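Q: Start from the sequences and build out the full structure, keeping to the hints where you can.
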Amino acid sequence: MARGRKKGKKSAKKKVAKKKKVVKKKAAKKKVAKKKATKKKVVKKKAPKKAPKRVKAGKKAAATKKRKTAVRRKAGKKAAATKKKKTAVRRKAGKKAAATKKKKTAVRRKAGKKAAATRKRKK
Numbered sequence: 784m785a786r787g788r789k790k791g792k793k794s795a796k797k798k799v800a801k802k803k804k805v806v807k808k809k810a811a812k813k814k815v816a817k818k819k820a821t822k823k824k825v826v827k828k829k830a831p832k833k834a835p836k837r838v839k840a841g842k843k844a845a846a847t848k849k850r851k852t853a854v855r856r857k858a859g860k861k862a863a864a865t866k867k868k869k870t871a872v873r874r875k876a877g878k879k880a881a882a883t884k885k886k887k888t889a890v891r892r893k894a895g896k897k898a899a900a901t902r903k904r905k906k
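Numbering of the sequence shown is given in the numbering used here, commencing with residue 784 and proceeding in unit increments.
I should point out that these hints are in silico values taken from the structure, not numbers from a laboratory. Given the structure is predicted, the values throughout are model-derived calculations rather than measurements. Among the hints, a few may not be true.
Claimed, not checked - Label-pair restraints from in silico Cβ distances: (1) ARG856 / LYS893: 50 to 60 Å; (2) ALA899 / ALA863: 49 to 59 Å; (3) ALA899 / THR865: 42 to 52 Å; (4) ALA853 / ALA816: 27 to 37 Å; (5) ALA853 / LYS818: 49 to 59 Å; (6) ALA795 / LYS818: 27 to 37 Å; (7) GLY841 / ALA810: 37 to 47 Å; (8) ALA898 / LYS869: 57 to 67 Å; (9) THR870 / ARG892: 26 to 36 Å; (10) VAL806 / LYS839: 49 to 59 Å; (11) LYS812 / PRO835: 35 to 45 Å; (12) ALA840 / LYS878: 55 to 65 Å; (13) ALA840 / LYS861: 25 to 35 Å; (14) LYS848 / ARG874: 30 to 40 Å.
Even glycine gets a Cβ: it sits at the ideal position worked out from N, Cα and C.
A: If you want it as structure tokens, here you go:
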């Protein structure tokens, strides 16, 4: 659509106002463009390439922790079993010692009785 030349001079004030409006519009457009650009950048930053590696490392660390915990638990159980065995051995030894003591006491008592009988006979 061809436009004809506009007749009549525009006042300087109007020209300045129009220029300001144009400048404002351009600035607004730039702002919007900048916002869009930054938004896109933010989206890109959300999923960096190193994220999977980080996740992998985290999972690996968790697995290691689990393994170490299992080892510790196993060691604890083993220690408990060893303690039980040692206690049993000690108890057995104690019983054996008690039996030996009983026997020795019996032998001593017998000897004492024998000695008493001998004394009686001698009198």
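Q: State for each hint whether it applies.
A: A quick look at each hint next to the structure:
A C-beta distance of roughly 56 Å is found between ARG856 and LYS893, which places it inside the suggested range of 50 to 60 Å. Distance hint for ALA899 and ALA863: a CB-CB separation of about 53 Å, consistent with the stated range 49 to 59 Å. For ALA899 paired with THR865, a C-beta distance near 51 Å keeps the hint of 42 to 52 Å intact. The hinted range of 27 to 37 Å is not satisfied by ALA853 and ALA816, whose Cβ atoms lie roughly 57 Å apart.
Between ALA853 and LYS818, the C-beta spacing of about 52 Å keeps the proposed range 49 to 59 Å intact. In this structure the supplied range 27 to 37 Å holds for ALA795 paired with LYS818, their Cβ-Cβ distance being about 35 Å. For the pair GLY841 and ALA810, the beta carbons lie near 45 Å from each other, so the given range of 37 to 47 Å is met. Under the hint 57 to 67 Å, the C-beta atoms of ALA898 and LYS869, about 43 Å apart, miss the expected range.
For the pair THR870 and ARG892, the beta carbons lie near 33 Å from each other, so the given range of 26 to 36 Å is met. At roughly 52 Å, the beta carbons of VAL806 and LYS839 sit within the given window of 49 to 59 Å. One distance hint, 35 to 45 Å for the beta-carbon pair LYS812 and PRO835, holds here, with the actual separation near 38 Å. Against the hinted window of 55 to 65 Å, the Cβ-Cβ separation of ALA840 and LYS878 comes to about 57 Å, which satisfies the hint.
Remark: the range hint 25 to 35 Å for ALA840 to LYS861 is upheld by a beta-carbon distance near 31 Å. Here the CB-CB span from LYS848 to ARG874 is close to 39 Å, well matched to the stated 30 to 40 Å.
Violated hints for the displayed structure, listed by number in ascending order: 4, 8.
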